[in-house]
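Let the sequences and hints guide you as you build the complete structure.
Line order of the protein sequences matches chains A and B. Under my numbering, the first sequence is numbered contiguously, ending at residue 1316. Under my numbering, the second sequence is numbered contiguously, ending at residue 1316.
To be clear, the hints were calculated from the coordinates, so they are not data collected in a lab. Errors might be hidden in some of the hints.
Where chains are identical, the list cannot tell them apart; a pair therefore holds if satisfied intra-copy or between any two copies.
[What the hints assert, rightly or not] Below 30 Å or equal to it, Euclidean Cα-Cα: the simulated DSS-like pairs (lysine-lysine) are:
1) K1286 / K1269
2) K1015 / K1232
3) K1015 / K1225
4) K1286 / K1015
5) K1108 / K1127
6) K1252 / K1269
7) K1012 / K1225
8) K1273 / K1114
9) K1015 / K1279
10) K1032 / K1127
Protein chains: 2
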Amino acid sequence: MYSVEQLQKIIDTEIKFRSVKLKELKPTNLYSPVNYSLEIGGKRLRPVLLLLSYNLFSDDIKAALSPAVAIEVFHNFTLLHDDIMDNADVRRNQPTVHNKFDENSAILSGDAMAFLAYKFLLESKSENLINVIELFSKTAIEVCEGQQFDMDFENRLDVTEIEYLEMIRLKTAVLLACSLKTGALLANADNEIANQLYEFGINLGLAFQLQDDLLDSFGDQKTFGKKIGGDILSNKKTFLLIKALENCTPIEKTELLDWINKKDFVAEKKIEAVLDIYNKLNIKELTQAKIKYYFYKSSSILQNLSVDKSKTEPLAELSNQVLKRNY
Amino acid sequence: MYSVEQLQKIIDTEIKFRSVKLKELKPTNLYSPVNYSLEIGGKRLRPVLLLLSYNLFSDDIKAALSPAVAIEVFHNFTLLHDDIMDNADVRRNQPTVHNKFDENSAILSGDAMAFLAYKFLLESKSENLINVIELFSKTAIEVCEGQQFDMDFENRLDVTEIEYLEMIRLKTAVLLACSLKTGALLANADNEIANQLYEFGINLGLAFQLQDDLLDSFGDQKTFGKKIGGDILSNKKTFLLIKALENCTPIEKTELLDWINKKDFVAEKKIEAVLDIYNKLNIKELTQAKIKYYFYKSSSILQNLSVDKSKTEPLAELSNQVLKRNY
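Here it is as structure tokens:
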């Protein structure tokens, strides 16, 4: 059985190895951004989830490496395109691809990554490969749907909590769930357990995205990797803003809408003012409570999984790691 | 055995049926551009090639419909993204997706189409499905490579004929070849014949793209669907320009480079001047000769295919249709 740390090292090495090989391909202008995006790193959360899930049933980790790389390549593809759509200049404390290269590069290298993900999936010799590819394709479509809902919400002030949760389920949670279920499918696990791992991933993913929302407003600049307050500045319909709009007094609502509608403002002032309202409304605590809710749901699914209890420890450890980021 | 016309009708109906069903899905802003792009139409060349190839070996066309739709959906995905990258406002006499909707829509709906293509492929129950998906993924990566080479050529004046032919092989020919080979694979055809159909497609595709280059400068506005002279205005490194730069006198070269480097010009004047040089250098005839070369190569492969001669007639007919567009 592998530890989280061991798998993180194994997959990081594997991704970097593949990334260097991709960089040697022509045309250079297509593969350089791919290499750049993969080398920047990140937590490798999704491939590690895949490997941990696989490792519940099999120790032959090698056979799951290329699908694990595939999931990370796909994830990075979504970042390339999302960063164009969201006009994001920085990610993981580094310039985004469309910022470092140009927008066309980010579009086209992103496209190539989407198909490279399939190429890596196809390296697997699993009997379940068709099921894996089906799940992956379904998930990829859902991720696009989630991103569209997210963009649609930009122009709305009446987004409900339910709509928001469905959006982050699609945009974030299904890929974590897909990673976990893929690990199980590759190891020929029982279908029921594979589906439970999927549900574990959905709940973990919801908690994870809520945490991300929280960190964007209440996090520590250094560990977060992006500027704090970005969501506030762009009026992003996060759980925080949705709950604030839902719970505020008429006077607070006027103030909040004023800041949302203002075209000219000092960034720090807006962040400070909105945080002030959030604090008055206990938005931080409310969000933490919701994170805990989904975290406990995910833990309970994990604990009830029909596998040897000791085997689920690394997955429990990773969940804790992911959700105990500083804030 | 089906005629070209019959298959065109069948696939057009099928694509429109699927397109209407997609339009009903949420989020509307994701699926409307997908529907728009699929409904505009076009020749449906790639799915018809797939069906014609399949029909060489089997009459049960129904089993090949969803992969045929997949190829068209993929092709339209490339158009959505290429049109952003090339700043193209009009396609098939209609506003392009990023023009009618917006750029983010064209990026994200394009992405969704890439994965929808896999979804449709996966509807096939063929024993060869993994091989089909492998070929498709390899082809998709090559198409991205071709588009990158094409963009790279924008900043170069020394593109050789060989480099150009490799670019259009990747950008255009491999998808035609993939369509044909996919049809054969789905019908469980002999591997050797499947590969010959692939080669037929490569040569047809090269002829087809050279023809497209020719039509952009010498075509008829009405039947072409785009503005004539677009390639000349954007200094696109087409076969025509590459041969002109290769064959011109020093004086003509100075004139050609002057037009290429000019920032302020009257569009009609530039088109007229460049066409004048092309005419002096017999570029039209030179390009026609090259088209014929690849067309005859493709015909010869088709004639030597180890299938009943009468069966290849519709494929021969479609090749003729495609290459006898007005100029």
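Hint check results:
1. K1286 / K1269: within (28 Å within a copy, 76 Å between copies)
2. K1015 / K1232: Result: close only across copies, 24 Å inter versus 49 Å intra.
3. K1015 / K1225: between (39 Å within a copy, 21 Å between copies)
4. K1286 / K1015: Cα proximity of K1286 and K1015: across copies only (28 Å, versus 47 Å in one copy).
5. K1108 / K1127: So K1108 and K1127 pass the 30 Å test inside a copy (17 Å) and across (7 Å) alike.
6. K1252 / K1269: within (24 Å within a copy, 58 Å between copies)
7. K1012 / K1225: Intra 35 Å, inter 27 Å, cutoff 30 Å: inter-copy only.
8. K1273 / K1114: neither (46 Å within a copy, 51 Å between copies)
9. K1015 / K1279: between (47 Å within a copy, 26 Å between copies)
10. K1032 / K1127: both (24 Å within a copy, 29 Å between copies)
Violation of the numbered hints given earlier is confined to hint 8; every other hint is satisfied by the structure.
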